[in-house]
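Now for the letters of each chain:
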Amino acid sequence: MADRDRDYVEFVEAAGASLRQTAFLICGDWHRADDVVQDALYKLYLSWPKVDRTRSPVAYARRIVVNAALDSGRRPWRREVPTDVTPERVQSADPAIGIADRDEVLTALSSLGPRQRACIVLRYYEDLSIDQTAEILGCSTGTVKSQAARALETLRHAIDRSRHVRRAL
Amino acid sequence: MEDVQDLGAELRRLAGTDPLDPIDSAALLTRGRRGKRRRRLLSAGGVTVGVAAVAVVASLLPDLGTATDGPGVTNADTPKAVTTTNAAKRSFTPVPGVPQGEAAVGEPLSMAEATRRCALRYPQYKMPLMKATWWSGSTAMYQRQQGSAELCTIPGGDKPSAELLAAVRRDPMPSTPAAQLRNCSVLFWTDLTKWRIVASESAPGVAASLIAVSPSGRKVVACDLAPKLDDNATPLGSGPSIYPVASYDVTKIDPAFNGHLDCPTYGVPCKGFTYHGQGRVSPKVARMRIEPTNGTPAHDVVVRDGWYAVAWFAKGNFTEWGAEVTAYDKAGNVLKKLTR
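Protein chains in written order, with our numbering: chain A, 2 to 170; chain B, 326 to 665.
Think of the hints as simulated: they come from the structure by calculation, not from any bench. Please note that a few of the clues may not be correct.
[What the hints assert, rightly or not] Cut-off 25 Å, straight-line C-alpha distance, at most; resulting in silico cross-link-like pairs (BS3-like, lysine-lysine):
no. : chain 1 : residue 1 : chain 2 : residue 2
1   : B       : 661       : A       : 146
2   : B       : 553       : B       : 519
3   : B       : 640       : A       : 51
4   : B       : 661       : B       : 609
5   : B       : 662       : A       : 146
6   : B       : 609       : B       : 662
7   : B       : 553       : B       : 640
8   : B       : 609       : B       : 655
[Unchecked claim] Stretch by stretch, here's where chain A covers chain B in the computed footprint (C-beta under 8 Å, at least three residues):
no. : stretch
9   : 335-349
10  : 452-460
[As the list claims (entries may be wrong)] Sample of chain B residues at the chain A side, in silico, Cβ under 7 Å:
no. : residue
11  : 332
12  : 353
13  : 354
14  : 357
15  : 360
Cβ atoms here follow ideal geometry from the backbone N, Cα and C, with glycine treated the same way.
Kindly produce the complete structure, drawing on both the sequences and the hints.
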């Protein structure tokens, strides 16, 4: 195997799972996250020689994944359901769906707009700085701060409301 | 929720619930190598074309137009609808159990039906499809196994005849709307010859991108054409599909463009770059300008009622490449700027 291919395979095996986790937190669905990451890693392979490996291919790949995850929620992807058409619910034994149905944090995350969600994930899951987050999302640091603040407020209310409802039952 | 530390812990807990198998690096490598080969096939006369998908995000939308290359925006006549002829009808045969025409595509399918249709079109592939809600006219992936990178463009109800297939192989990138719709019909196994192209652009001999609306106005096809006929509808990468027109979100005024500027070769310097794709944006947008950051002349894309299509590449050696995409309204005011 050429050095290039060997490096790429090592990268995928080291970072693939983590990238898929980030994609999942942004798009809320494991299969879609897998689709996003597979496609991002494919694009990464095509661009591998130009990726600046003196920094980190993870940062490069993360950027592709975040943008693709945001994009997967906004236009019909290969297997995405358009937002204004509700197909018949597909019965699935996928445990992730069951988890999403009853997980208050995931439900609260889904109440955020896509970019707010991405902001939260990059800041508090990936632990990126405001500057790093702004660079990935293509916005100003001020926008990151305001989006994160609004998102935290929304999450706080949503989770507290969910806990209040459960206590009342 | 106490504070952000709690939130971080919760996010890590959620991330730890991944139920899927590990990513198959070998299959990705095979797919990547295949993609590299496909790119090489698109090279012609020293000019290299890469795979770049433009996914457009923006609220807004609606009208057809044709974009042309070069700086400055030029208006083109809206292509007229192509009428069906008896010859077109003879070019297709029914697919068992699938309605013909528009009714068969842009609709959700059960796994069983998606699997059945893929088996009809790709009998050589024995792997199961990935579990998902598949739509007719979209391109599905098979479950990844060692070396597996095959795709299934889920067919409609119009199987192209051998004669039609031969005609498309001889002329994979035609210039007339009628022939383009003919070729797209072959890619999607759907008679698109009566559909109306609302936006299109060609990089002659290299790539073509078009978007067309069905006779009822309810469905839209995003179609790419490449110099060599592929066995699925994504010769230049993901994006092409058939879906409901209503799936575009036109309620928000938020023109955010997700585009991929792609380097078609490897190593430094990059030999040319591409921008490619089609979609629908806000009706406020009249023009999109793609400006490479290295000083290469910009490329303008006409947008009419939100519809646009881009197939553009720039020759040359670039030690760095990137672009700004700017959306303008009719008065020339900037609506949105993005960096790619």
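Verification of the supplied hints:
1. 661/B / 146/A: holds, 20 Å
2. 553/B / 519/B: holds, 24 Å
3. 640/B / 51/A: holds, 18 Å
4. 661/B / 609/B: holds, 11 Å
5. 662/B / 146/A: Distance ~20 Å between residue 662/B and residue 146/A Cα, so the pair holds.
6. 609/B / 662/B: Between residue 609/B and residue 662/B the Cα gap is close to 14 Å, so the pair holds against 25 Å.
7. 553/B / 640/B: holds, 21 Å
8. 609/B / 655/B: Answer holds: residue 609/B to residue 655/B is near 7 Å, not above 25 Å.
9. 335-349: With 13 residues closer than 8 Å to chain A, the stretch 335-349 of chain B meets the three-residue bar; holds.
10. 452-460: Our answer is that it holds, as 6 residues pass the Cβ test (under 8 Å) against chain A, meeting three.
11. 332: holds, 5 Å
12. 353: Result: holds, 5 Å to nearest chain A Cβ.
13. 354: With a closest approach of 6 Å, the residue 354/B hint holds.
14. 357: holds, 3 Å
15. 360: holds, 6 Å
The structure shown violates none of the earlier numbered hints.
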